[in-house]
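Listed in order, the protein sequences are those of chains E and W. Count the first sequence with my numbering and you get residues 2 to 333, in order. Count the second sequence with my numbering and you get residues 2 to 333, in order.
Quick caveat, the hints were computed from the structure, so don't treat them as lab data. All figures in this text were calculated on a predicted structure; none of them were measured in a lab. A hint or two may mislead.
Since the list gives no way to pick one copy over another, a pair counts as held whenever it fits inside one copy or between any two copies.
[Stated by the list, open to error] With a straight-line cut-off of 27 Å between C-alpha atoms, the simulated BS3-like cross-links for lysine-lysine are:
1) 186 - 78
2) 186 - 77
3) 248 - 91
4) 79 - 186
5) 78 - 212
6) 3 - 78
7) 149 - 269
8) 269 - 91
9) 269 - 212
10) 248 - 265
11) 77 - 269
12) 117 - 186
13) 49 - 302
14) 212 - 302
15) 79 - 149
16) 192 - 79
17) 212 - 79
18) 149 - 50
19) 117 - 50
20) 192 - 3
21) 3 - 302
2 protein chains.
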Amino acid sequence: MKIALDAMGGDYAPEVTVEGAIEAAAEYDIEVILVGNRDALEESLSGKKYPAGRISIHHASEVVMMEDQASVAIRKKKDSSVRKAIELVKEGAADAAVSAGHSGATMATALYVLGKIESVDRPAIATKMPSLEGFFILLDAGANIDCKPENLRQFSLMGNAYAETVYGVKNPRVALLSIGEEDTKGNELTKEAFKLIKPLDINFTGNIEGKDIFYGGADVVVCDGFIGNIVLKVAEGLAESIIKMLKREVARAATGRLGYLMLKPAIKNFRKQTDYSEHGGAPLLGINGVCLISHGRSTSKAIKNALRTASEMAAYRVHEAISRSLDLKQKS
Amino acid sequence: MKIALDAMGGDYAPEVTVEGAIEAAAEYDIEVILVGNRDALEESLSGKKYPAGRISIHHASEVVMMEDQASVAIRKKKDSSVRKAIELVKEGAADAAVSAGHSGATMATALYVLGKIESVDRPAIATKMPSLEGFFILLDAGANIDCKPENLRQFSLMGNAYAETVYGVKNPRVALLSIGEEDTKGNELTKEAFKLIKPLDINFTGNIEGKDIFYGGADVVVCDGFIGNIVLKVAEGLAESIIKMLKREVARAATGRLGYLMLKPAIKNFRKQTDYSEHGGAPLLGINGVCLISHGRSTSKAIKNALRTASEMAAYRVHEAISRSLDLKQKS
């Protein structure tokens, strides 16, 4: 598999992106195309050891900055690293693209360059989140701020195909995030969406409440991108705060230091379960190709894992599975 | 202070509500009026010790059930325990009402019987949540599912007055829950609300992201009731799941049993900080009187604390403070 990495994207690029690429090339059967300023990338690579032929550079003269507007980036920065990386996928020179840069610009560029799957109106970000049972897929995690019921219907189909194809979940339980389990509970958007999702030929289990998503009540949780992003961030902030509060409580206890030492391995394992860097990135579902969006704060480990995840998705040809599934389920 | 308790409301009523009333009467300077079926309440009280004159019964022949629709409850069950409890506040026979029953019916009844503060369009539920700094007030936590920008503007004023009056927070930092800190980030609702809140004479600190609310970035967090309820439930479910995951990890470690024993007091203290039953109930702000909504699963401790919180709010005359503040700030 050949993955095009936006080597200039992310808070610690290009040092950390290059480092992640080297780790991925050493560990997995992946070829990484580093896309970005040739001089800067050659400098980051110099003196480093990596498998010959598994890392190459594709020059791009511009970089989308965090303060750039996504639409402006598309119009004005035609030679940006993220644009070039995604164009390599379009041309067939790469199987997937990964970027830890400006996520809005990455989404807009992926949509512009690769286009949408025919029966999809709006692509969605699908994020894997931990639960007591293992994990669930939350979508949309932030691509679409204001949604229509039809968008949520399509998210449910895309999430279903994604969970089945990539994670091998049989007959995934697809649920709609709402404020009560009863069919009639929800806001205007979810109540209308409920009616559209119910007749679909998927295992729709109805509404799910916020407290139940982490208990493992569903494999796919559908919501609009505004709420999805808030849920994602609330979970991130709360998990971090709880660990801090627990540490503080343990330190306060009579058995302080010893208690902390005992807790440490548990926290480490727990962090591993909940750490975004373990899977490294979230795919943009609904576009004609594989494109992963990584956290701006990605470490080299996160980049390495994003490259692995991207190669898996390319191998599963996720976008084709989604397209087939949508065509099939739409008609049913 | 005299508090009217809907003694028939809640999953474990009337045993647990009566128990909570007895505990409150013993511990605080509070008179509790148990509202509900006289026979059932006398039976629950019989053989129990409680301070003479601090517990009385006010008969109500009906009970709103969880499956009742709120609007139907108002029209058809005119002698329900929750209705009678709130009517005692209206008549001046009680200073506040508390119910752990059907929350939708409690809200609707409070609105119907007590009416709104003049400059408020929609009352909101204000919930106290823990943060690393201490706590913050989240509103609306579920009273209004679909909101207009003007509602969010009023929530910010009510939250501001509430944090100041009841919790003594000086110049509370009021923030709008959104998906980015920049002024322009948000959905259609929050972007419009932002423009309405910004000119108000309060310490509006702009948008706040989900991950920052638990770090203590704001004293008052404003959002619509759909998102507020999801955030509340996500936090509840995630906190519980994290503790379960940590326990599992600790048990797995070589030092298993010992580690768990060490962790136990920390978890207990942590739970105390995050336990809804510590404050017992959330007030409905914006109505002409004091009415607290408690969790359906309320224990006697939660009821006891809700009665204490209600008496504090009545002492602060929260509704009058909100009314004054809204009149003042609206004009500024």
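Quiz prompt | Unmet hints by their number, sorted upward, for this structure | solution = 3, 5, 7, 8, 11, 15, 16, 17, 18, 19, 20
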